[in-house]
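Colleague: Guided by the hints, dock chains B and C onto chain A, whose structure is given.
Residue numbers (our numbering), protein chains in the order written: chain A, 1 to 407; chain B, 1 to 260; chain C, 1 to 274.
Hints are computed from structural coordinates only; laboratory data are not their basis.
What you were told as hints is all true, and nothing was included just to trick you.
On the chain C side, residues computed to face chain A include the following (Cβ under 10 Å): (1) Pro98; (2) Thr117; (3) Asp119; (4) Val158; (5) Ser177; (6) Cys179; (7) Gly181; (8) Ala203; (9) Thr260.
Bear in mind the structure is a predicted one, so any value in this text is a computation, not a measurement.
Heads up, the beta-carbon is just placed ideally off N, CA and C, and yes, glycines get one too.
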Amino acid sequence: MQGYIYPNEFELQWSLLIVVYPYLTGLVAGAFILASLARVFNVKEVQPTYRLSLLTALAFLIAAPLPLLGHLGHPERAYEILMTPNTRSAMAMFGFVYLWYLMMVLLLEIWFDYRKDLVVWARGKTGFLASFRRLLTLGVTDLSEEALRFDRRAGKLITIIGIPSAFLLHGYVGFIFGSIKANPWWSSVLMPVVFLFSAIVSGIALMLVIYFFSTMLRSRPVDMACMDKLGAFLLYALIVDFSLEMLDFTQRLYEAEESISILGQMLSSRLVLSLIILQVLIGTIVPLVTLFLVAPTVRKRGFLKVPDEFRRLLYFVVAVFIQIGIFSTRWNVVIGGQLFSKSLRGLTTFKVGLLGIEGILVAGAIMLLPLVILYILVKVVPPWPDAEALVESEPTGADPVPAVQPS
Amino acid sequence: MARPFAPWRGFAAMPQQVRRLAVVIVLLVAAYFTARHFLVPRTFGDKGHYRAAAVDSIAVLPIHYAGREACAMCHPAEVAKKAGSFHRGVSCEACHGPEAAHTTDPIGHKPTAPRDRAFCVRCHAYDPARPTGFPQIDPVLHNPVRPCFSCHNPHDPTPPHPPETCAACHGEIARTKAVSPHAQLACTECHTADPRHVQAPRQFLPSKPASREFCGRCHATDAPPPAHLPDARPPKVDLATHGARYVCWQCHYPHYPEAR
Amino acid sequence: MADERPTPGGIDRRAFVGACVAAAAPLVLSAAQQAAPAAPAAPDTAHAAPDSAQGATGTPRYDPRTHYYGMGVDVSKCIGCGQCAAACKAENNVPLDPHHFRTWVERYVIHENAEATVDSPNGGIDGFPAPVAEGGVVRSFFVPKLCNHCANPPCVQVCPVGATFSTEDGVVLVDESYCIGCRYCIQACPYGARFLHPVSHTAQKCTFCYHRVVQGMVPACVEVCPTGARVFGEVHRPSSPLTRFRRFNAIQVLKPHLNTEPKVFYANLDGQVR
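Isolated chain A, as found in the complex (with noise of 0.2 Å):
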């Protein structure tokens, strides 16, 4: 500690699992960005990634709110939020967001499409499985195609609602910082923009990342237009990004307000690490410089031409040194926040622990969880472009013949 703290900042409020949180939000919006790419902007290039992004947002949403239950006081007084909400408070109205977001955006897009693959996969067959797939129908079993017909036209427009949807889900994240009128280094007009680019930016990475390696897992040829494509979305939202954080941070120094001296002491002693080499320089210098190197944007092979592995490999390390990036955003938001006092006379330290609800082995485990969730959900509701189930429906009404089944 050095300078002067109120008596009460000395232990940090918002800790290890908050900074989890927005991370784990951003994912979910970045995801479903990229889905909708696929689906309402028809970029045809990502079309591999509709579902498995659709599944990789659920998955994420789903432990979202994990981090805060853990955080809470008292988490078993949590359904408080939804019983006796404060519609002044911007924490309260983003549970309804986040339940807006997950039954009727997210679960029906994904119920809309997957429909008729659950039907057909479920027939005919015994057992758990195919039970829960068929419980999952909610006994819409029509696959005529009128039904069909309905069941894109449906998606397609929750899609187009979803896109509003998601921006507002992680933008909302950003709006709970950016409204505190008490600590000048959260409140910022800009927040839920950065939070939103950054979230962007961070799905698409993410999705190269889940790509990549479920491509690798089944000993499938990875699709090369679709990475590239990817990559091409990455940097358009990380030029966004950077110079949105760029332009808050000119403007910052620029009006140099009252608490310009102590957050300037605090970026020079504290995050340095965390902002100047982990955020700026891996995180967002290095992936812009590469992507604009090998991604093909204006020129069709980048400007630097390299072989498909290399820059499938390029892709993959720059996709990881984004997510180290975006984390390393998150905790600069929310720790740096604290570092400092609202006395602008003192910083504070802050020592993350190992063991603990708020500690490493805690976090680490609530950031895989997803990773696992997705991989149950993988198991029910295949995504691959080759586990689809075709379906010829005829005015007839003879049986459709599924094509391929799910292994």
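Modeller: Using the frame of chain A, we list chains B and C on its own:
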């Protein structure tokens, strides 16, 4: 034939997907409102967005400090003595600690009275941040080791004899002046104090110099050195021109008059 | 009625049941009147209303709508003895460690270069160590701090469940049995007045000693202040010590630019105080 999505035709005319989903959604909403009925506390919302019964629970928390009015009922002599003394503003419990328990069980719960020097020193040790005029002593030099109450009755802490020096209450000024060019000057050089100033300081305020000529007695170009300090060499200025629109102490702090 | 003996084939079954109900009904109704109203599994236990806290019968019931509280602090009178912080901890069972305070005292030392050094060792409870260097100091003073019980409280605005609220008499309180411990209010308070209680895991802060105030007493910190630096009273009542305080002193509040409308009014506050 394609059956269009036409909700105005009634529920039965809607596609099966919509019917099933509508049922699920209605069930979930019903479950939500049912849960609300059982989980929202009874008094929530009565006076605002909070559980009104909480105010009542907080209002009946146990009280530990009885308040100075409570002591007067049984201890009128001490209270009367204190009321005429320098400690009239100090509440009984400031020294005797929280005594609400004593008011309900006077014999079973006896208050303590602080006996060690460290207690009085908490308020009266010299600290420059304390307002000037507040009685402060140097705990190391002021009658060391002796307990304070051996000379000062806490209910009437008038010192056994009036302070000999102004420094007793004006410690910060005295210490500042002691390392300044005015160190050799006594306080009475510039201030005359009624003897009653030590008993009722704010009623009998000491005088302060009123004119440039006062400082000029030593600092004017043609002024002789003061009789009681013949070796003094005070800096000299031409009173007619030096800072003619000001009085001297607007620029020079008399207790540490720096000429820079 | 109830002691009628059923005889085989004797009493009509319907008449018997009717008789039992007629006998039981008054018992059930009176039991319902005496018992507390049926409370569902919700944290709303039956607590005594404020008027029963008055003790003696015949005393008027406390009406929160006729009061609106605030506090005055005269910085030039504070001697930094820390009695207020110690009394607050004793009155309100605040943890005794140096990281949880409902009220505390800060010392400001203003140097010749217009910079300020601030400290608050254990909130001022054990007094302050000797100042580091007397040279180059223009002035120094003590500033008591506490929850400002703002009229436009950011902490109440952000509480997601309604566990913290402003009462009708202008006191901001925390419902300890409803708070979920999310700590959003602690982040939103610009004055550092709140903390999370290490045992109850709920947010806590100064309550203006509400349990004393409803009985006509003053908060513990005001009670023990030896110099009268703290003044408690009502904001809108002309015959209140606080009104006299506001009449005779130029009043400032902490961080006015944040528009929290604090109700702790400072006299002789220095511009360096945050």
